[in-house]
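Chains as they are written, first to last, in our numbering: chain A, 1 to 164; chain B, 1 to 344; chain C, 1 to 491; chain D, 1 to 99.
If you are wondering where the hints come from, they were derived from the structure by calculation, not from laboratory data. Because the structure is a prediction, the values reported are computed rather than measured. Keep in mind that a hint or two might mislead.
To be verified - Under the rule of at most 30 Å between Cα atoms (straight-line distance), these lysine-lysine pairs were calculated in the DSBU-like manner:
hint, chain 1, residue 1, chain 2, residue 2
1, D, Lys87, A, Lys90
2, B, Lys144, A, Lys161
3, A, Lys161, B, Lys322
As the list claims (entries may be wrong) - Quick partial rundown of chain A residues pointing at chain D, CB under 7 Å, derived from the structure:
hint, residue
4, Asn25
5, Ala26
6, Gly86
7, Leu102
8, Gly154
What the hints assert, rightly or not - Cβ-Cβ distance ranges computed for the label pairs, FRET-style:
hint, chain 1, residue 1, chain 2, residue 2, range
9, A, Val156, B, Leu52, 51 to 57 Å
10, D, Lys87, C, Leu473, 34 to 40 Å
11, A, Phe134, C, Val58, 26 to 32 Å
C-beta: ideal position from N, C-alpha, C; glycine also.
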Amino acid sequence: METLVGIVAAATALIGAIAAVTHRNAVVGVLFLVLNLVSLAVFYVLLSAPFIAALQVILYAGAIMVLFLFIIMLLDLRREEERESGLLQKVLSVIGGGVFFLLLWGAATGGAAPAAAELPEHFGSVESIAVALFTTYLIPFETISVLLLVAMVGAVLLTRKGGR
Amino acid sequence: MTFAAVLETLIKIGVVFFVALTAVAYLTLAERKISGWIQDRIGPNRVGPWGLLQPLADGIKFMMKEEVVPSYAHRPIYMAAPALLLISALSALAIIPFGDRLSLGGYEVRLAIADVNIGILFFLAMSSVGVYGIVLAGWSSNNKYAMLGGLRASAQMISYELGLGLSLIGVLMVSGSLRLSQIVEQQGSFSSWNVWSQPLGFLIFMVSAFAETNRLPFDLAEAETELVAGYHTEYSAIKFSMFYMAEYVNMITASALMATLFFGGWQLPFPAEAAGVEGNHLALLQILCFLIKTGFFLFVFIWVRWTLPRFRYDQLMHLGWKVLLPLALLNLIWVGIGVAWGWF
Amino acid sequence: MSPANVWTGSPPIDWAALFPTMVLVVGALALLLASTLRRLPMRLHGVAALAFLVLAVVASAAGWSHPRSAFDGLVVVDHFGILASAAAYLACALTVLMSLDYLDREPEIPPEYYSLLLISTAGMGLMVTSNSLVGIFLGLELLSIPLYVMAGLVRSRERSLEASMKYFLLGAFSTGFLVYGIAFLYGGSGSFSLEQLVLALDRADGQQARWLLLGLGLVLVGLAFKVGAAPFHCWVPDVYEGSPVTVASFMATGTKAAAFAALLRVMFHGFGANALAEWREALGVLAVLTMVLGNFLALGQSNLKRLIAYSSIAHAGYLLIGVVTFSTAGAESVLFYLFSYIFMTAGAFSVVALIAGTGEGGEEVGARLSDLAGLGRRRPLLAAALCLFMLSLAGIPPTGGFVAKFYLFRSAVEADLMGLAVIGLLNSVLGAFYYMKVVVTVTMRDSEGTTPVPAASPTLAYACVVFSIVGTLILGLYPRVLTRLSTQPLF
Amino acid sequence: MSLVWMLTLSTALFTVGVLGVLLRRNAIVILMAVEIMLNAANLALIAFSRHLGSADGQILAFFVMTVAAAEAAVGLAIVLAIFRLRKSVNVDSLNRMKW
Chain A
1 METLVGIVAA ATALIGAIAA VTHRNAVVGV LFLVLNLVSL AVFYVLLSAP FIAALQVILY
61 AGAIMVLFLF IIMLLDLRRE EERESGLLQK VLSVIGGGVF FLLLWGAATG GAAPAAAELP
121 EHFGSVESIA VALFTTYLIP FETISVLLLV AMVGAVLLTR KGGR
Chain B
1 MTFAAVLETL IKIGVVFFVA LTAVAYLTLA ERKISGWIQD RIGPNRVGPW GLLQPLADGI
61 KFMMKEEVVP SYAHRPIYMA APALLLISAL SALAIIPFGD RLSLGGYEVR LAIADVNIGI
121 LFFLAMSSVG VYGIVLAGWS SNNKYAMLGG LRASAQMISY ELGLGLSLIG VLMVSGSLRL
181 SQIVEQQGSF SSWNVWSQPL GFLIFMVSAF AETNRLPFDL AEAETELVAG YHTEYSAIKF
241 SMFYMAEYVN MITASALMAT LFFGGWQLPF PAEAAGVEGN HLALLQILCF LIKTGFFLFV
301 FIWVRWTLPR FRYDQLMHLG WKVLLPLALL NLIWVGIGVA WGWF
Chain C
1 MSPANVWTGS PPIDWAALFP TMVLVVGALA LLLASTLRRL PMRLHGVAAL AFLVLAVVAS
61 AAGWSHPRSA FDGLVVVDHF GILASAAAYL ACALTVLMSL DYLDREPEIP PEYYSLLLIS
121 TAGMGLMVTS NSLVGIFLGL ELLSIPLYVM AGLVRSRERS LEASMKYFLL GAFSTGFLVY
181 GIAFLYGGSG SFSLEQLVLA LDRADGQQAR WLLLGLGLVL VGLAFKVGAA PFHCWVPDVY
241 EGSPVTVASF MATGTKAAAF AALLRVMFHG FGANALAEWR EALGVLAVLT MVLGNFLALG
301 QSNLKRLIAY SSIAHAGYLL IGVVTFSTAG AESVLFYLFS YIFMTAGAFS VVALIAGTGE
361 GGEEVGARLS DLAGLGRRRP LLAAALCLFM LSLAGIPPTG GFVAKFYLFR SAVEADLMGL
421 AVIGLLNSVL GAFYYMKVVV TVTMRDSEGT TPVPAASPTL AYACVVFSIV GTLILGLYPR
481 VLTRLSTQPL F
Chain D
1 MSLVWMLTLS TALFTVGVLG VLLRRNAIVI LMAVEIMLNA ANLALIAFSR HLGSADGQIL
61 AFFVMTVAAA EAAVGLAIVL AIFRLRKSVN VDSLNRMKW
């Protein structure tokens, strides 16, 4: 059962990613990316990270990608002209990508991985993540809040009408 | 997962869907009846006794009507958008505990489809996915009214999700869990209902829920006078009805959540012993209690719709960002103090 | 778990270790509030920012006598961290000084500029005082995101937005590499702590060692982007040219200092005693490539901002030599180099800031070399200052640039990196050509009808130039002021 | 699903992201490709976290998500500002200065 779900999710994640970067219509591209993100959320559930999975859907699919969709619609980019790449370039990029992938993949999975560790109780639960966030990772957590604030201020500064 | 568990889940899904969809059908009737009552007229009364068969007639009409797809619509997305909306709306029902537990011949059944560790987050996730249905419906129709409606709706839902989320945190702080069954159990007695300790949180949740469901007074996305019908202008027949169904399902979810989070869920307002029943009878009584609470909030939804005028768009955004958000933070501080001093 | 008992297990908070960052963040928030509530003069914002910086320096220096590690190594107060964050604060202070006057001539830049600057500096401080990959990553983001915005603050000027876009896209791309590398380092060592990484490298074998190797490589790529090392340098010239002068200066000085400090920390901890020879060699190659490319491309430049950009690439190459040495002497020489680099580059930019501004059509004028011709006659003191900074960048005594290069190459020789030292020297000679070109243009050419730029107000405008001159000369004549500080163990 | 499979998927996604950044010219699509790269990293982090039995990886994945949100906000704001000035988001048209 889990294997089956995993295979399907892997396939949709990969298809979603490839279609997201290759599709000419940006709106459809965003939707494929959402498919990819949701499939990854399924993986996170399988990997005992339900909290991250929920965040993936709420934050990534629900907020970030909606923002993308917003901008694309606002600018009406569905017919954004893009230089069509030639066949040679396509072939070269596929070959280049293939080589890059094989190198990366070989380095990442070439040898026998050490055995998996036993999972502690409540692994990946909201409570355990929350405790870590508010104790060990308190400083990064606060940093993140400043980061989000500054991103918000920056976005307003760049897009608001008028000068000072 | 054992076979029994799978079967149990499937049966629960079936029951919940049946109840929810029937409720949707009769909510449309209730809406029209109540609006008739508020506006001092009779409302539908021709099909069946007191118009009781009206939803059925409406359903048949929706199915028989001609389907129109605008020629410049983006077809696949145009087709998928209403389904996406309805699916996400229905999925959110999965986490709501509508009762404690039934025992059927020694086999214990928990009365919630999925009582998961991240319960509330699942609801938020589904409601944020629902935004796609609306945005995409508006965009794929290739109609400027639909597009504006879609953008408005999504901007509105995103803005109000903040207030919604922050008002939920107050509840979570008191219960210490995201699991809905635990939140209900923690409100065991009438005096421990969350609404007493955080009335402000409840109000924010309710207002945000109204905005989330795109209902009046926050139905700017489909404001007839400005945008024809908003994101579903171009939809007809069964797809149009799916938008309607999604709206009502969302109303049911929101009402059920209000009952669950702030009004003790399926808990009776008096000690269970006082009811004089136990076992499955008690469970049924609790389900009834849950249905009454949910029904009451559904009534409030309809009542408000026919009473209040519509907001202007900038007023809506103003309310969300400059009123509800600070108030939600205030509520959070209040609950924080309460939890720290052990009041709740 | 009930909410109450979460707190009982939490470690005590070492507030003192956080003070410098907190001062900056609180200062930034205060300035942000001030800019929304009331129309205060821009200069007041700048002066307040300076005051917060001074406070941060004091708070940071207070930790000098008690080196320690707080929050499980997420924040460390060690001499290296204090010196490196001092470099970042210095870069920020010089930027503020030159902004005081410059912003009057760039009316589009809003007062929030100063809070962004402070937040970015806080990010730098966080990045260089963290022994954890999480801290380094978040510090890097905290310093980058305000910079993406600041590069594009002159919104009506296409070049400014273009710079912002390019900086952002390549920055985000490099973040991808950095995070992926961190993921593999985590997989190999089971932790984000750099100290654990050293231990893991010692005992790792088979697949774990490969993960670590891959992770270090990817992290290197991510950081190489930020320091502007070849072949990841292509964004630097465009971004420096398009950004407002002060922002370009801050990127060149502050970001470079913070990224190099973080790189050094990762290297010293991550590679530690048993350096992974492969990556060490790769870094050496990267250093050579960066120096050569930066210097050669700088030769043909006709815009001073762009020229300094290529020169900053070349300097990144020199600095990488110091990183490759893997010796304490190398780390010290990098730190020294960073300080002197900050003074001379900020100085050069501050001169540009004095003569450049918005011309007709919203485009920036005054930064082309042809605009500088005859500067020696028009504004002799300014021209002399520019020449001094150019000499220092070229590495000619008695400037800080010379001493810095001397220390750097000496540490390379001591570490048996004769080849690198020689290549570095040859490159310095090559670099001298284009620096001299600037000097010649300024002193000997005649002006050919340059576009007039609004005049600077006399008092404030020269503050940054004067400070930079003093800094460059002090580091050149009395390098002991700085080297004395690093007699104690760095890490 | 074993760790090897997860890492295979993760490296494949990362490759797709890198190729997307390098080959596409639409700024928004480039940003989407960066998101794919970050997600590949997150998948690796969570797979390792499960494998090692330590929650740290999940925490970093959480931070990466928020960073991605901040980056997306700023990036899209820049796109919007550029579009207002030039009516295009194609990075090939960013040629006021040579790359």
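We went through each hint and held it up to the structure:
1. D/Lys87 <-> A/Lys90: Holds: D/Lys87 and A/Lys90 sit about 28 Å apart, inside 30 Å.
2. B/Lys144 <-> A/Lys161: Distance ~24 Å between B/Lys144 and A/Lys161 Cα, so the pair holds.
3. A/Lys161 <-> B/Lys322: Holds, because 20 Å separates the two Cα atoms, which is no more than 30 Å.
4. Asn25: 10 Å, violated
5. Ala26: Holds: closest Cβ of chain D sits about 6 Å from A/Ala26, inside 7 Å.
6. Gly86: Hint on A/Gly86: violated, closest Cβ of chain D at ~12 Å, above 7 Å.
7. Leu102: Result: violated, 9 Å to nearest chain D Cβ.
8. Gly154: 5 Å, holds
9. A/Val156 <-> B/Leu52: 51 to 57 Å: Since the Cβ atoms of A/Val156 and B/Leu52 sit about 54 Å apart, the hinted range of 51 to 57 Å holds.
10. D/Lys87 <-> C/Leu473: 34 to 40 Å: The hinted range 34 to 40 Å is violated for D/Lys87 and C/Leu473, with Cβ atoms some 50 Å apart.
11. A/Phe134 <-> C/Val58: 26 to 32 Å: 30 Å, holds
Checked against the numbered hints listed earlier, the structure breaks hints 4, 6, 7 and 10; every other hint is satisfied.
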